[in-house]
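Chains as they are written, first to last, in my numbering: chain X, 1 to 345; chain G, 1 to 502; chain V, 1 to 330; chain E, 1 to 350.
Since the hints were derived computationally from the structure, they do not count as laboratory data.
With a cut-off of at most 30 angstroms between alpha-carbon atoms, the simulated BS3-like pairs for lysine-lysine come out as follows:
| hint | chain 1 | residue 1 | chain 2 | residue 2 |
| --- | --- | --- | --- | --- |
| 1 | G | K276 | G | K306 |
| 2 | X | K286 | E | K52 |
| 3 | G | K117 | X | K210 |
So, partial list: chain E residues that the calculated Cβ filter (under 7 angstroms) puts toward chain V:
| hint | residue |
| --- | --- |
| 4 | F65 |
| 5 | P66 |
| 6 | I217 |
| 7 | S225 |
| 8 | T229 |
Treat the numbers as computed from the prediction; the structure is a model and nothing was measured. Virtual Cβ for every residue (Gly too), placed ideally from N, Cα, C.
Each chain, written out:
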Amino acid sequence: MKISQKFIRKLITLGLIVILFAIFAFTAPSFLKLRNIQEILRVAAYTGIICVGSSFVLIGGGIDLSSGGIICFSGIVACRLASIGMPWPVVLLVAVVIGAACGYFNGWLITRFYLNDFITTLATGFVFTGFGLLAILKDESGTLMSQEIKNKGFLLLGKHLNGFYYIVFVWIILTVIAWFILSQTRYGLHTYAMGSNSKSSEMSGVNVRKMKVSTFTICGACCAVAAVFTVAYQTTAYLNLGSGMGFNAVAACVVGGVMLGGGKGDAVGAFLGAIFMTLVNNGMYKYGLDTSWQYVFQGAVILIAIMSDAGFAAFTGRRLRALAEKNNAEEALLEAKAKAKGGNV
Amino acid sequence: MENELILRTENICKSFNGIQVLKNVNLEIKKGEIHALMGENGAGKSTIIKIITGVYTKDDGEIYIDGQHVQINNRHDAAEAGISVIYQELSLVPELTVTENIFLGHEIMKRGLPDRKEMRRQVQELIDRYGFILQPDTLVATMGMAQRQMTEILKALSTEAKLLIMDEPTTSLSASETEQLFVTMEGLRERGTSILYISHRLEEIYRVTDRLTIMRNGEIVGVVDSKTVEADTVTSMMIGHELEKTGVRVPKINKDHYIEVKDLQLGNLLHGINFKAYGGEILGIGGLVGSGRTELVSCIYGTIKKYKGSITLDGKPISRSVAKNIKAGFGMVPEDRRTAGFFPQLSILRNIAISSYDRLSKGGIVNGKAEIEHTEKAIADYDVRPHMRKLPVQNLSGGNQQKVILARWLSRDVDVLILDEPTVGVDVGVKAELYVYMRKMADKGSIIIMVSSDLAELTEVSDRVLVLHNGTIFQEFRDHKATQQGVLLASSGVTAKEGEVL
Amino acid sequence: MNRKNLFESVWAQRGLIIAVLLLIMLVGNRSFFSLGNLRTILMSISIYGIMCCGMLLAMLTGGIDLAMGSTAAFTSVICLWYYNNHGMKDSAFVIGLILALLAAVAVGILHGVCDAYLMLPSFVVTLATSKLLYGLASAILKGSFIHLTNTEGFFYRIANTKLFGTIPMPIVIFIIVAIIVGLILSFTVFGRRVYAVGANRAASELVGINSRIFRVGCYVVCSLTACIGGIVLTSMNYVTSATTAQGYEMSVMLALVVGGADIMGGYGDVPGAVFGALLAGMVENMIVMLNINTNYSQAVQGVIIVLAVAFNVYNNRKSAGLIKVKKKAG
Amino acid sequence: MKKNKLIALVIACVLAAAMMAGCGSSGGAGEEAAVETHEAPIVDINNGAACKMAYIPMGAGQEDFPVILQGMQEAIQLYPNITLDTYDAGFNPSNQIDLMNECITQGVNVIFLNAMDATALNSTIAEAEAAGIPVITINNGASGVHTAHIQNTTYDAGYEAAQVISGMVDKGAKTVILDVPAELKLACTMGQGFEDYAKETGAFEILEDYAQTITSIEVGYQAASEVLTKYQDIDVLYCVNDNTAIGAAQAIEAAGRQNDGIIIWGYCGMPAALDAIAQGKMTGTSYSDPFYEGYAAMVSAMNYVQLGVNATKLGNEFYADVMLPTKNVTEENVIETIRGTHWDMSAYNY
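Whole structure, please, built from the sequences with the hints as guidance.
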């Protein structure tokens, strides 16, 4: 099999992106402005970093809908720390530790009590938002205060280097690292194995429980990174920071070919999925469409993506298997006979 | 003599809750030998395999590998000792390539990263050494069954397995794939890997194995040379003395109430099936696992709808919808109770009444009293223990669960009852009861079709036996002429000379 | 542990939970027990309750519907939009209601087909449709509100009249819907089959139930209850918009899970769902009464969902597992 | 293995191409393409120069959005060359930020904004102002530097409402304020106005300043009914907007205490509130017609555009902080207010 299924799936997403890009470039006047490209990349980076984390969980056969909560909690903590003057590396570190801890908690809860991924992370999402509420600045009578960060060093994270926001660079770096881990290292191999067939990988000695917990931990850490950069850009944190990002990230991964069943797709697919979803939203504004159509379009895109993927997987699966059976059988039989007669080669 | 044996077991014994399953089993397999193991279901062959591979622990007895004594308590010890198993349903990861699957769990690392080049080289070397037709980089998901099997074998060999145990590997292989597997096995034998080959198919035993050990009732009854042994001797050793017939029952056949199947064809699984099943008789259907028996009865029942040919009840073609057939009096006890039989969380009452709501409800409203009466009568009639209709069925024993499913149909006195392996995993006492109920139903004039691989059941209980082999009806045994030996031979496509009963 | 006391123990546990909550309130804020407050709780959970009965059916057959909030919003927007543009007469309301119900049926069928025929994970599908419906609803209203202003019409009277002078209509509607679904589930063939399909789809096929069409049916009923809930909520607040009933599906799922339903299907009943809805309403009310910031209510809901799911899983595995363990050792 | 490197290469160059195309076509930026900073252009709208304006409210559920929009559209009726786009930020500050960036990219001439969070939008507002786009916040302001802020008086409204109510109740009346969520506290200071009056004159005893998550009828109902049961005797329920007040009225009715004479005072005077006052369910409200807010905002925007003026050009804090007065509407003057209002009162038969 020269061209692998994974490559074809990425080609489709890439094709969609190029087509959309062309359509918007020619029809929407302000689309090609540098500023707009910067904007697309910044928003795509925010979704993309979460997608990196979500793709680990998805490829490992799970799902994490609590990203919104983790972003809210780690974002608010980062905002509090930054506003009392902590240097940005310390803030980033603390936030990532908190995000990872939330992810670890998700993984521990799911593996320890054999709970269903989806409802557990949905619930813990609320719990983490609750922690965020605990952490947010409140005045003496208990009402929340919104707080502007003055800490110059920290705000630098939200700035951009001649046009490209730092978050974009972080996103690309994280994607390359994730791609490397998933495709080159043993850990990545075991993640795919766990996602594709967890029983047999367990029988072959892969510690599925520890692996699952680690994928959720990585996802939590990625959410924290995204949160810190967003808080730096917005110079404040608020309660519904990151609300709905859990689902958006999963949707972007699915569109990018990281399937819900597990074992499919990779970090580059998630990268392309994030770009595609952001491109869709950004393009929609250009036509003065009422933003409510953006929600309609998002819903429709996700439905079409999972339906076509179910179809694509079924179609390619069947076609490839039929092909394999047909030529394997004849070819093998001929060769076997030849070998038997002429002794082994 | 000692080091010539790759595996020697000494007086292995094992018993499950009081029943002695293995009695002093001494299994000997030479190096570089393909050794077959045959025996009826329940003869203990799967138990001895599980002990050797560390799934069960033996009660007593010793195991010697390459002459040294080994203690095998779990799967890991077995792998250490060089024993690896290939189960029927393969344990490969579809999304990984051949190389990745083979080295899953024990990758070769170089500077902290999996050394892909080295692993691929080793896999290629294995492929060339054993003459497999595989590429190291193909995804398992895109491979056919035969190639997957070869990958599974390679995976075993990659851990320097000295003894390869293959559990009925050819059940889901096509003819050409099976041939391909045999060539591979011969290649392995030449390189000194010994194989323990478990199968029901006699022709396979002749084709590829050197020696054959036969087990019955937990004991080894003989070790013969596969090439020279007569089919009859093998079957008679498997069955032991023929149980003398308990009086020939002349079933009250009702000639004009029958189901007729005319040249039924289903893909490449079934072709040219023609037979009639008459009211009042129990028609047994024999044949090996995977010879299409379940598919055949599923076509009759309506779960499989896409088949060519016609199936008629008393001349009228039957519908292809399960719901209509049930109304017309059909009923089915499925092969796998757990996945398609009972509703685990629901109570005995719900499980039994689920099929008879056409009688137990008016205008969609369930008649509670009638439902309870119906179920209590069914529980009493078929002695489902414990007699608590509210108890979830998942809390019952295997035998009682089967009785619940049987009661589900017999309680509405079905006209056509299909049973698929009705007595698997059921203790002897309950087995006898099931036969009585089936006989009673048949005497009432219903058509009973029973698929079974239990030879005694087929020959004793059913009045007439059809044996399927390679998708067609190979042989029909009328008027109680069916002998266990005859059925067994027929299942392997060998016809015992008519009338000669060993 | 035979069936007898297993059954009692479930209600015993529930009684205990209620007792604990009441005890907290005795200490926390005595006014919790005033008639007015109890009626407030009942009013607020009547919408949850109606929706609980619908989602129970979807959950029993192993599905989930996270688009109930948006379905309620979308269908109530259609109804009120038609009602306002056609002279706010009762006849206009009836037509509007029919249109809304048809829309709900369409949504139900979409969910059913995606789950039963295309084997897609129902939580992603319904999350996607919830975004879709939110967008459509706000597109119809161009992002603003639509008011129910005719206070004489039947539409207004749905939620604002009081039966026998004291019981507000929403509670009556909730009780009616609960009774209907309860009767269906426990006394009709349809109900028996819901449990069968939920418990074991393959086995239900063998017993003559077309489990696919059946599951589509359950999704349709689920969306219909969301529509009814939406209409009652609109009548209660005299206003509706794309954001009406946003997030209700989370509270409904919480109520069902606390009421003993299982995500995988096969477990759960209407009394349990009603108990869950009541508990959810009580907890939400308690949070406000104990002057905990209302944002915490979601966090507390999250904690309760996790505890309830863990408890249900433990409960089901124990009743199944325990017996099995005993058998092997015996 | 080779394939994966191939994929990475392909994707990298596609992205690079996209970026190059972006920079290439924008051309004009020339210097360090950080943030395009240039003067606010002078647009001669009186004789036909095209002018693009954008209004970003908080979200689909903002009550006064349609009426403000009506005021704006009224003001540009005679100028077909002025186009006005509106967006739905779904009550999420990060959506508002994205929409602001969108408007800056499209190079609109004016941005109207109901800021969801007083500080979250400052960086984008500064970018807009730097790009020569005047930003005018309505009702919910932002702490950062921007051209103008227009709202109805909130502090004075609270203060005057306290004055009117103190005349209706005897001294030290027990009062609960159903206030806005924290992030909107900077803009909506009616609660503060009311409290200051109470501190100065001691006319009210503030039992609690109750911050709600969002201000809707449901939450108003929930909050009011809890407050009613928490404090047995209450004289005044001062609500920060009409929805909360209507919810409170419902709660009081549900608790059967409608004739205890509890004073319910709302803010901004929506149709439902005016109707409730006419029927005696509500005592009164600080009425203001958002129509005029929209109208005033648009008129000032048109001036800025003509003069090519915005905050950066003028280099000072606020150019204009227009405070439109509110009118205390009670049972006496409710009918004549209803007749004069721009709110859509068609549903009520007056």
